[in-house]
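J.: Anchor point for the sequence shown: position 23 equals 140 in this note's numbering, and the numbering is continuous, going up by one each time.
Check before you lean on any hint, since a few could be wrong.
Claimed, not checked - Derived BS3-like pairs: lysine-lysine, alpha-carbon spacing no greater than 25 angstroms straight-line:
hint, residue 1, residue 2
1, K135, K122
2, K216, K179
3, K209, K196
4, K122, K246
5, K235, K136
6, K196, K121
7, K246, K209
8, K179, K227
9, K306, K139
10, K231, K241
11, K121, K145
12, K145, K135
13, K216, K238
For the record, the hints were derived by calculation from the structure and aren't laboratory data.
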Amino acid sequence: MELKKIIDNYMQLVPEVKKYCKDCLNVKRYGGNVVLMVVDASFVSLGINYFKVIVPKVLEFKQRFVDSGEITSLGDLSKHSINELTTIWKNKRSWNVAKEISSYLSKLSKDDKKALIKWAKNSKLEGWKNDPIGRIKGVGINTYQYLRMMGGIGTVMPDKIVRRVFKEIFDECGLDMPKDDLEFIREIKRIAELTNYKPIELCWMTWFVRSRSQDKSKNKK
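Just need the whole structure built from these sequences, with the hints factored in.
T.: Now the structure itself:
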């Protein structure tokens, strides 16, 4: 089947993709709260179900620390006790990543949103490991790319969900799946141009499609 037709069929299943992409590109995820974006990006590297586990935990963090006024900025998060934070999410590595990212961004601007936008605009895919955030221990390509996406960059993550869905698409079209992460990102960008979609739309599409298929599998049991 033609590549565009296959992707069109997938996209029609998940119309909510447009809103999520618009929020990312306008730096308005979580109502524009960069602290929550950083926490989200720090959790997402673990490969856990995004909609069922990560988003609820980010919102739990919001209710406990942000809504209470305890953490209102990246600067606050960078200095906060990990022991308190692990009452929400037990993985200390995730919090170390969140704190280090917050510490770096808070030095770029007193305005969290301006700081994230400034970093994202100057960030590059090539040589990402040499980026100030890419150098942080525990930051992998997925956290790096996802943070860029939430900072307004129209790119894609090479995570296992995105790869899994595109493996099905590639197999149907007789295309080879790039093994290298950077090659994969470039290939999805090329496909986006061919099919008149944004790379970020294709990325979000895979997460929603996968989430829907998991829901259907559970309902059948």
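J.: Between K235 and K136, is the straight-line Cα distance small enough, at 25 angstroms or below?
T.: holds, 23 angstroms
J.: When you check the alpha-carbon spacing of K196 and K121, does it fall within 25 angstroms?
T.: violated, 48 angstroms
J.: Are the Cα atoms of K306 and K139 separated by 25 angstroms or less?
T.: This hinted pair holds, its Cα atoms lying about 18 angstroms apart.
J.: Regarding the pair K231 and K241, is the alpha-carbon distance no greater than 25 angstroms?
T.: holds, 18 angstroms
J.: Can you confirm whether the C-alpha distance between K246 and K209 stays at or below 25 angstroms?
T.: Holds, because 22 angstroms separates the two Cα atoms, which is no more than 25 angstroms.
J.: Between K216 and K179, does the CA-CA distance stay at or below 25 angstroms?
T.: Roughly 15 angstroms between the alpha carbons, so the hint for K216 and K179 holds.
J.: Between K216 and K238, does the CA-CA distance stay at or below 25 angstroms?
T.: holds, 21 angstroms
J.: Would you mind confirming whether the straight-line C-alpha gap from K145 to K135 stays at or under 25 angstroms?
T.: holds, 13 angstroms
J.: So if I understand the rule, the pair passes when the alpha-carbon distance is 25 angstroms or less; does K121 with K145 pass?
T.: violated, 29 angstroms
J.: Is the Cα-Cα distance between K209 and K196 25 angstroms or less?
T.: Holds, at about 14 angstroms.
J.: Straight-line Cα separation of K122 and K246 no greater than 25 angstroms?
T.: violated, 36 angstroms
J.: Measure nothing beyond the straight line between the CA atoms of K179 and K227; if it is 25 angstroms or shorter, mark the hint as holding.
T.: holds, 20 angstroms
Hint compliance for this structure: hints 4, 6 and 11 are not met, and every other hint is.
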